[in-house]
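Undergrad: From first to last, the protein sequence lines are chains A and B.
Last residue of the first sequence: 267 in this note's numbering, with the numbers rising by one and none dropped.
Last residue of the second sequence: 1308 in this note's numbering, with the numbers rising by one and none dropped.
Derived from the structure by calculation, the hints contain no laboratory data.
As the structure is a prediction and not an experimental result, all values here were calculated from the model.
Beta carbons: idealized from backbone N, C-alpha and C, even for Gly.
Please note that the accuracy of each hint is not assured.
[Claimed, not checked] Simulated coverage check for chain A against chain B, where a stretch passes if three residues somewhere in it have a Cβ under 8 angstroms from a Cβ of chain B:
(1) 45–55
(2) 79–85
(3) 151–158
(4) 224–234
(5) 248–254
[Claimed, not checked] Label pairs and their in silico Cβ distance ranges:
(6) B:Leu-1236 - A:Thr-175: 53 to 63 angstroms
(7) B:Leu-1123 - A:His-78: 28 to 38 angstroms
(8) A:Pro-142 - B:Leu-1123: 25 to 35 angstroms
(9) A:Glu-135 - B:His-1304: 14 to 24 angstroms
(10) A:Ser-80 - B:Leu-1163: 41 to 51 angstroms
(11) B:Val-1106 - A:Lys-114: 45 to 55 angstroms
(12) B:Ala-1109 - A:Thr-55: 40 to 50 angstroms
(13) B:His-1304 - A:Lys-237: 17 to 27 angstroms
(14) A:Lys-210 - B:Met-1018: 47 to 57 angstroms
(15) A:Tyr-131 - B:Thr-1240: 33 to 43 angstroms
(16) B:Tyr-1209 - A:Ser-163: 38 to 48 angstroms
(17) A:Ser-163 - B:Thr-1240: 46 to 56 angstroms
(18) B:Met-1048 - A:Lys-178: 41 to 51 angstroms
(19) B:Tyr-1131 - A:Ser-80: 33 to 43 angstroms
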Amino acid sequence: MKILSKIIMVILNLAALPGIFILGLLIFTANANAELTAKANHDHIKIDFFYHGSTVSVRGTSDPGTDLIIKITSADGHESLKQKGKVGGLLWMNTGTLNFEHVPNIYSIHSTKKIQDILNQEEALKYVIGYPALENHVEIEPVENDSERDTWFKEFIRFKESSNLYTTSEGKISTTLKDGRQSYYILTTWPYQAPPGDYLATVYSVKDGKVIETAESKVKVEQVGIVSLLAGMAKNKGALYGLISILVALSAGFGVGLIFRKGGGAH
Amino acid sequence: MNYMYLYLPVALTSINIMIPVGLGLLVGLLSGLFGVGGGFLLTPLLIMFGIPSTVAAATDSNQIVAASTSGTYAHWKVGNVDFKMGLYLLIGGFIGGLGGVQLIKVLKATGNADFVIKMTYVLMLGIVGTYMLVESLNSVKKNKTAEVRTEKETALTRFLKTLPLQTHFEKSGVTHSLLLPVIFGGFVGVLAAIMGVGGGFLMVPVMVYILRMPMHVVVGTSLFQILFNCIEVTFLQAYTNHSVDFILAVLLLVGSTVGAQVGAVFGRKLKGEQLKIILAVIVLAVTVKIVFDLTLTPSLLLTHGGGH
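Produce the entire structure from the sequences given, and follow the hints as far as they go.
TA: In structure tokens, the structure reads:
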């Protein structure tokens, strides 16, 4: 087996993925001695007018006898969320703001087997694999104690899972042995709620509780066409955007009024 | 390609186009019928369908511009808009809105904003809904028995007549001090700014019960002043918060402009008292819904900031 060569392929699932095009692919291998390869079918997801989410498949080869963990995530960021609590023992209200630091906006973990069974705890913490490791990784302010911290972290996960931004699966990576190599493949749903940005799919090859190799593939999500034009205008030319919105609304209201008069519907 | 879904560039989410068009039709109908913007109904529904709360509120204002233009036009055609009264209400509303925004800042500084906002909302909706329901049911009964509808010379009306700047509002057939619509417009403006809503459901009862305007003129005049309020709010939201979603607004207004026309036509077939009863029931239903939201454990204990 050649040490440095990595086979990279792009699979276009256009039949299943309407409206989405692929421009190219960037694959990185973290370990020069790696036997592991990874490729994502989409490295460039375009958000156009008819975008309703997508799918991202990751495939590649690894050493036989290794387990695999695939993590799709965005860079760590900051999120401020309103927390709801009971006021006067009766009414649910916003009682404060919780700040979450070092949290990715997207966190999607897939593994061949249960993570606790194939990866030891230190390794999980080191690579931030799995919710317990993520909990250890994030900072939550303000919380009084660890149990409160744990409660709000779990609420955070529920919040993220409710919009499909955080997902986990076990055993959904399919593996086959061919020519002494193990091929793997997984098809994941890419949520339309995921905002434009750069995302990273990292594949961990795991043996005896340890990560022995990693391979990465970038996924870029970008707005194009009218979507990009409108989003840019809303952000950068607020006054003009507001005036156009108002003018369109006024003329639509007036236009429909005229149509109804002409149609005689109003009389 | 699935043409049922469109991507919303500011809300950053995808939505089935039938949802905003259908919701637009519904609130447009309410607009044309009752002269309310329907924000108290539409904004929470949009949030329910995954639109971030700030975008939902801002886009709703943009949509109301279209619905109220359509509705004002329909009511104006049959002479049911009192532009003079609308203008004075607008002046008051504008001043009140400025005051309300300052009040919110003070409340936020004390940390009690959310509680005060929610309580104001529930109390206002509850009081207005109950009063309208009881009053209009009573007058329906009275009309059936004796057709008595006397202008009661209460202490309040006597006092109102002593105010300066008395003027006749021809369209509404009432004589009031100019100060009256300005003051009560201002009062609604303060409350609307606190609650983050247009305030149509407050303005309608003010016009009916305090300004004593006929219900059909109330609806048209309310839409007229809502139109100008929402133009202002849309611009400010787009300019300062960048939270107006143009695509979502267009989808909503496709439904709401048509709904407003249908509502205006349908409203003419109903009596003023019937309109008041239906509006009162809707307002009370929303009150009950908010009370449930406040008392039942929410499914998620964390939410995006910005909304109420």
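Undergrad: Each hint should be assessed against the structure and marked as holding or not.
TA: We went through each hint and held it up to the structure:
Proximity of the stretch 45–55 of chain A to chain B, defined as three or more residues with a beta carbon under 8 angstroms from a beta carbon of that chain, is established by the 7 residues found. Taking a C-beta to C-beta cut-off of 8 angstroms, the stretch 79–85 of chain A contributes 6 residues in contact with chain B, enough for the three needed, and the coverage statement holds. Restraint check on the stretch 151–158 of chain A versus chain B: 4 residues with Cβ-Cβ distances below 8 angstroms, three needed, restraint holds. With a threshold of 8 angstroms between beta carbons, the proposed coverage of the stretch 224–234 of chain A by chain B holds, since 6 of its residues qualify and at least three are required.
Remark: the stretch 248–254 of chain A is confirmed as covered by chain B, as 6 of its residues place a Cβ nearer than 8 angstroms to a Cβ of that chain, reaching the required three. Checked against the hint of 53 to 63 angstroms, the C-beta distance between Leu-1236 of chain B and Thr-175 of chain A comes to roughly 56 angstroms, which is consistent with it. A C-beta distance of roughly 37 angstroms is found between Leu-1123 of chain B and His-78 of chain A, which places it inside the suggested range of 28 to 38 angstroms. Our hint of 25 to 35 angstroms for Pro-142 of chain A and Leu-1123 of chain B holds, since their Cβ atoms are close to 32 angstroms apart.
The beta-carbon spacing between Glu-135 of chain A and His-1304 of chain B, approximately 21 angstroms, falls within the hinted interval of 14 to 24 angstroms. Between Ser-80 of chain A and Leu-1163 of chain B the beta carbon distance is about 49 angstroms. The supplied range of 41 to 51 angstroms therefore holds. Our hint of 45 to 55 angstroms for Val-1106 of chain B and Lys-114 of chain A holds, since their Cβ atoms are close to 54 angstroms apart. The supplied range of 40 to 50 angstroms is met by Ala-1109 of chain B and Thr-55 of chain A, whose beta-carbon atoms lie about 48 angstroms from each other.
Checked against the hint of 17 to 27 angstroms, the C-beta distance between His-1304 of chain B and Lys-237 of chain A comes to roughly 25 angstroms, which is consistent with it. Between Lys-210 of chain A and Met-1018 of chain B the CB atoms are about 52 angstroms apart, so this pair conforms to the stated range of 47 to 57 angstroms. The beta-carbon spacing between Tyr-131 of chain A and Thr-1240 of chain B, approximately 38 angstroms, falls within the hinted interval of 33 to 43 angstroms. As the Cβ distance of Tyr-1209 of chain B to Ser-163 of chain A is approximately 44 angstroms, the hint placing it in 38 to 48 angstroms holds.
One distance hint, 46 to 56 angstroms for the beta-carbon pair Ser-163 of chain A and Thr-1240 of chain B, is violated here, with the actual separation near 26 angstroms. Taking 41 to 51 angstroms as the suggested C-beta distance range, the pair Met-1048 of chain B and Lys-178 of chain A conforms, at roughly 49 angstroms. The hinted window of 33 to 43 angstroms between Tyr-1131 of chain B and Ser-80 of chain A holds, with their beta carbons roughly 40 angstroms apart.
Consistency with the previously given hints fails for number 17 only.
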